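S.K.: Below, each chain spelled out in residue letters.
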Amino acid sequence: MSQAEGGVRALWKSKIKFAFLIPAVVWVLIFTIFPLIYSLRMSFFNIRIGQGDVFIGLTNFARVFTNEQARSAALVTLKIVVVAVAVELVLGLALAVLFNRVMPARGLLRTILTMPLFATPIAIGYLFFTIFYEEGGLINGLIPWKVPWLSDPGLAALSISMVDIWQWTPFCFLVFLAALQGLSDELYEAAMIEASSGWQIFRYITLPLIQPTIVIVLLLRLAEALKLFDIPFSLTGGGPGTATQVYSLFTYRTGLRFFDLGFASALSYVMLVVVMIIVSFFFRHLRQIYD
Amino acid sequence: MRNLGILVIAGFAILALALPVFAEQYVTWGKDGSCVLTTLDGEKIEFAPGELGTLFGPGKQPFKGKKIAITVNAAGPKGGICGPLYRFRPAWEELTGAKLDIVEIPFAEHYTKVMNDLRLGIGQYDGFMTGSFWYGDLVGGNYIIPVDDYIKDPRFPKWDPNSMPNSLRTLYSWGGKMYGVLNDADGQVLYYRKDILTDAKWREAFKKEYKYDLPVPPKTWDQVLDIAKFFNGKDWNKDGEPDSGIVLHPKVGEQGMFHFMSLSAPFVYLPGPKVDKAHNLYWFDPETMEPLINSPGHVKALEFLLELAKTGPKAQVGWSLGEAWDYFLRGKSIFVFSWGDVGALVQDTSRSKVKGKIGASILPGCYEVYDRSKGKFVKLDKPNIVGNTTGGSWHGVISRLSKNPDVVYSLLALHATKPVSLWNASRGWTGVDPGYKYQFLPPEGTANLKDYLAEGWSENDIREYLKAYHDNFYAEHVVTYLRIPGAFEYFTTLDQNLSAAMSGQLTPKAALDKTAKQWDEITDRLGRAQQLKLYQEAIGYKK
Chain E
10 MSQAEGGVRA LWKSKIKFAF LIPAVVWVLI FTIFPLIYSL RMSFFNIRIG
60 QGDVFIGLTN FARVFTNEQA RSAALVTLKI VVVAVAVELV LGLALAVLFN
110 RVMPARGLLR TILTMPLFAT PIAIGYLFFT IFYEEGGLIN GLIPWKVPWL
160 SDPGLAALSI SMVDIWQWTP FCFLVFLAAL QGLSDELYEA AMIEASSGWQ
210 IFRYITLPLI QPTIVIVLLL RLAEALKLFD IPFSLTGGGP GTATQVYSLF
260 TYRTGLRFFD LGFASALSYV MLVVVMIIVS FFFRHLRQIY D
Chain Z
491 MRNLGILVIA GFAILALALP VFAEQYVTWG KDGSCVLTTL DGEKIEFAPG
541 ELGTLFGPGK QPFKGKKIAI TVNAAGPKGG ICGPLYRFRP AWEELTGAKL
591 DIVEIPFAEH YTKVMNDLRL GIGQYDGFMT GSFWYGDLVG GNYIIPVDDY
641 IKDPRFPKWD PNSMPNSLRT LYSWGGKMYG VLNDADGQVL YYRKDILTDA
691 KWREAFKKEY KYDLPVPPKT WDQVLDIAKF FNGKDWNKDG EPDSGIVLHP
741 KVGEQGMFHF MSLSAPFVYL PGPKVDKAHN LYWFDPETME PLINSPGHVK
791 ALEFLLELAK TGPKAQVGWS LGEAWDYFLR GKSIFVFSWG DVGALVQDTS
841 RSKVKGKIGA SILPGCYEVY DRSKGKFVKL DKPNIVGNTT GGSWHGVISR
891 LSKNPDVVYS LLALHATKPV SLWNASRGWT GVDPGYKYQF LPPEGTANLK
941 DYLAEGWSEN DIREYLKAYH DNFYAEHVVT YLRIPGAFEY FTTLDQNLSA
991 AMSGQLTPKA ALDKTAKQWD EITDRLGRAQ QLKLYQEAIG YKK
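Chains E and Z are the protein sequences, given in the same order.
Residue numbers for the first sequence follow this note's numbering, beginning at 10 and rising by one.
Residue numbers for the second sequence follow this note's numbering, beginning at 491 and rising by one.
Errors might be hidden in some of the hints.
As the list claims (entries may be wrong) - Partial pick of chain Z residues on the chain E-facing surface, computed with a CB cut under 10 Å:
| no. | residue |
| --- | --- |
| 1 | Lys-999 |
| 2 | Ala-1001 |
| 3 | Lys-1007 |
To be verified - EDC-like, lysine to aspartate or glutamate: derived pairs with alpha carbons at most 16 Å apart:
| no. | chain 1 | residue 1 | chain 2 | residue 2 |
| --- | --- | --- | --- | --- |
| 4 | Z | Lys-642 | Z | Glu-541 |
| 5 | Z | Lys-550 | Z | Glu-583 |
| 6 | Z | Lys-804 | E | Glu-144 |
| 7 | Z | Lys-847 | Z | Asp-689 |
| 8 | E | Lys-155 | Z | Glu-731 |
| 9 | Z | Lys-767 | Z | Asp-861 |
| 10 | Z | Lys-1007 | E | Glu-77 |
| 11 | Z | Lys-728 | Z | Glu-780 |
| 12 | Z | Lys-845 | Z | Asp-685 |
In case anyone wonders, no lab produced these hints; they're calculated from the structure.
Here the structure is a predicted model, which means the values were calculated and not measured.
Just so you know, even glycine gets a beta-carbon here, dropped at the ideal spot from N, CA and C.
Use the sequences and the hints to build the structure in full.
M.R.: See the structure below:
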């Protein structure tokens, strides 16, 4: 083999690895970057499918902040998410602590507990519609009062939070349990020698050690919960009135029901920015913890 | 071995002979040109000679090899509107030689998918079973084709647009051209418990309390309210639990706005000789597109609806059609005002306890109606009774993008023929509600009572039901229908704000003011001038 041939082969060897990346790059360009750029363009236009687009600058973004329904949807989302995520974290952690101990049928119970996680949210919405149904539904059938779960604005929002808690607490539980099981027994043995109470051990040893995990779980849940769509869509349809019309549901209706695609794109971008701010904030916090 | 060979050949021969028999089991031609079509369930529908047009006949399959796709609200092979397409598909395929793809799309997605197909020029579907409130978008966008020439064409199955009352024919047309092919007739009527309201014991008690004879049927909404209040909370059905006066279906996203439209019409719709700025209006000012939805008449109607709702179960705020209908069918409420489906469901004794016990009438009116020209309510000598065509009146239209409009029309026209239309109306479950002369009983129409009784209808119920629908569609005044582009968005915002009022989040005035503001925003976004032009066309306004 000549030197030149060897050089070509070496060059080919060093470049071939890039060839394998091409499908992934093409995939990302077509299905991520292009829609992102195209929807950004749309957000500056009044889109009338079949009738041409009209450039309107930042009007759609201004509408996000001035439109009463958009503001209401953002507020509704915030209320539902704050309640749901807070309870999921607390409940998930409590269950993880409980299951971290030796107890009978732990494996079976853990399996049962994680099952909601694998259910389809839209189906869960319809399932809980029958459970919350006010005339002869499961819950009202078991209690002596007729609680207006879905027809009272406040309770309807609470019902959605409850369903979200039912589905996502297992996720928090699983991650927290993994974190707890990764902690060294020696630390606890040392703490026991110091005769610390159970609460003190949890407060001053367990909690600080799993704090990075808590931040990660909080971050993931917040990012996911802010996109909440399926459960309100199937459980309440956003009602009564607009009491449970969450931001994603409003965006969906704006874009795909009313074909106001420019405004829907602007709504999506604002959501994207909000989620990015939240992620950045928590990542900074996480970095501080590790530092 | 030789015998086996003979057996196999014989088997194939029998199969070959049998196949055409199986393949042509849904159409039977008579020597005189008459025809019998067999539905998927084996029911036989007879057609007179020539009724199916000249295109079809023994041995003819004019559209062989062609295939069309029709969209319809998803309801399954035996569901409303969708079911008849399935029932007659084999017969139509055998008649034409073409194939029919029934594309079921959930109600919530149907409009979106159809408009995407049309606006993007995809042409995936050849026709649509549309709701009348889509017309502004469909005709405004030039997406569907008129069928006037087809109706006159002797090649196709025959149906008569003149059998439709004006109120319904208007919904199927635009600008003097017919776009829709006869099918469903939607409108809301008042259903009531005739057995209870005519009971001497209750009548006496009512008179004692309200100082007037209990009217059957009630002629005004105030009378409905009195009766509903009187019966609400009493165990009049003797099931050991308190029962209700009325049941509503105002759940958001489930057509609650249609309830309000029907009820509010007599408060708002001031009849006059022609459409002008004060008369025969409901939605917008015909010269400025200013929303009228927050007029004092509308506000009064919503206040009334809230008062009426108090005589029903509290949970109904979150109820859609199914739950509300079920409540009435279980004999838990005196009144429900709704679509034709209720009359048919009442006959199903597996879920209904009220078969043979109901009465039905055109929706009541009121003695005071708001007059825009005077800026105040005016009193009338007799109740302002206003009919309605509330709902979808779901029917077929042909996509301009279809490569086979003739094939699509042949399908829609078959379903519009008198024998199929009568078959649909008498079955009830088809979701194709009665509205045409030949579906009503004499003296209003020409239908045969026996046809309905054979399908299990109670004689009392069918007489009440058909009379109520006749009176509604042939009423002297029928409230105009919203058919401009964006109708779905206008309806949705109204629906949400009504639900907010019903659940106590907003006062009636605030809810309707908010609706008016949102409607103005929609109108501006869609183009006020264009919307105004189409609105004027839709309601027949001329200066």
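S.K.: Could you tell me which of the numbered hints above are not met by this structure, giving the numbers in increasing order?
M.R.: The structure conflicts with hints 1, 11, although it agrees with all the remaining ones.
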